[in-house]
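S.K.: Listed here are the chains, written in short residue letters.
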Amino acid sequence: MHSHVGHLALYSAIVAVFFAALTQRDRREQLRFAALAWAGMTGGVIVLAYLMFPFPR
Amino acid sequence: MPNPSGRDVQDMRASATRTVTALVLGWLVPGAGHAVLGRLGRAGLFFAIVMGSFGLGLAHDGKLALYTDQDRVLTALQVVANAGIGPVDAIARSQVYGDVTYCRPETTDPRYKRIVDTWRARQRSLVSIYGTAYLWTAGLMNILLLFDVWDIAVGRKG
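These protein sequence lines map, in sequence, to chains A and B.
Numbering of the first sequence is given in our numbering, commencing with residue 5 and proceeding in unit increments.
Numbering of the second sequence is given in our numbering, commencing with residue 12 and proceeding in unit increments.
Just so you know, the hints here were simulated from the structure itself, not pulled from any lab data.
One should not assume that every hint holds.
Partial chain A-side listing against chain B, Cβ under 8 Å, derived [what the hints assert, rightly or not]:
(1) H6
(2) S16
(3) I18
(4) V19
(5) L26
(6) Y54
(7) L55
(8) P58
(9) F59
No residue lacks a Cβ here, since even glycine has one placed at the ideal position from N, Cα and C.
Whole structure, please, built from the sequences with the hints as guidance.
M.R.: Here it is in structure tokens:
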């Protein structure tokens, strides 16, 4: 897979599920935590990418 | 101060043995530490996540770090992140480099060209940066799992 966005989504999913299982005990809480962590990571990166857009290297 | 009874000492020894066993097995096989402590569901999930991340790392030409004298701190941290996953990292190194090596060989070493050429070829790959992130993440996740196993074994986590 060569897609940046694809890897962003996949990597975020792996990390989100891992920390949900590690830190939460209740299944419902795990799902909620994983969804929030995944959305936070992917959304945060996309927002950051747009904020950096006006600044060339 | 009360002396522990023979029974208490036996229990403490059994508990210490179980903790050490869980930690060692947890490093050898991701998730095995949780299995030893009776958390089979989580053990299976952690095994799948950590080994899945490791497999993605290898499939995407992730770099298996080599310690060098030129950049001691960073390369040492990279090697620790890789080695956190356990012996499977050594197996991967033997397959990728043809040798279980954690240090960049000297230029006079006959293995130098083979190992460094392989390392550079992986670095040049377009997907290597993703693969390296997956590899480091797998090792670091397994190290975090060992801390979790410790917390469960000593009763800090229910």
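S.K.: Taking 8 Å as the limit, does the beta-carbon of H6 of chain A come near enough to a beta-carbon in chain B?
M.R.: Given a least distance of 6 Å, the restraint on H6 of chain A holds.
S.K.: With a cut-off of 8 Å on the beta carbons, see whether V19 of chain A makes it to chain B.
M.R.: The hint holds - V19 of chain A has a Cβ within 8 Å of chain B, the shortest such distance being about 7 Å.
S.K.: Does S16 of chain A pass the interface check with chain B, least Cβ-Cβ distance below 8 Å?
M.R.: 11 Å, violated
S.K.: Is the interface hint for I18 of chain A satisfied, with its Cβ closer than 8 Å to some Cβ of chain B?
M.R.: 5 Å, holds
S.K.: Using 8 Å as the Cβ threshold, decide whether L55 of chain A counts as touching chain B.
M.R.: 21 Å, violated
S.K.: Does the CB of P58 of chain A sit less than 8 Å away from some CB of chain B?
M.R.: Since chain B brings no Cβ nearer than about 24 Å to P58 of chain A, farther than 8 Å, the hint is violated.
S.K.: Should the interface hint for F59 of chain A be scored as holding, given a Cβ-Cβ cut-off of 8 Å against chain B?
M.R.: 21 Å, violated
S.K.: Going by Cβ atoms only, is L26 of chain A closer than 8 Å to chain B?
M.R.: Interface hint status for L26 of chain A: holds (6 Å vs cutoff 8 Å).
S.K.: Any CB of chain B closer than 8 Å to the CB of Y54 of chain A?
M.R.: Given a least distance of 21 Å, the restraint on Y54 of chain A is violated.
Comparing the model with each earlier hint shows violations of hints 2, 6, 7, 8 and 9; every other hint is respected.
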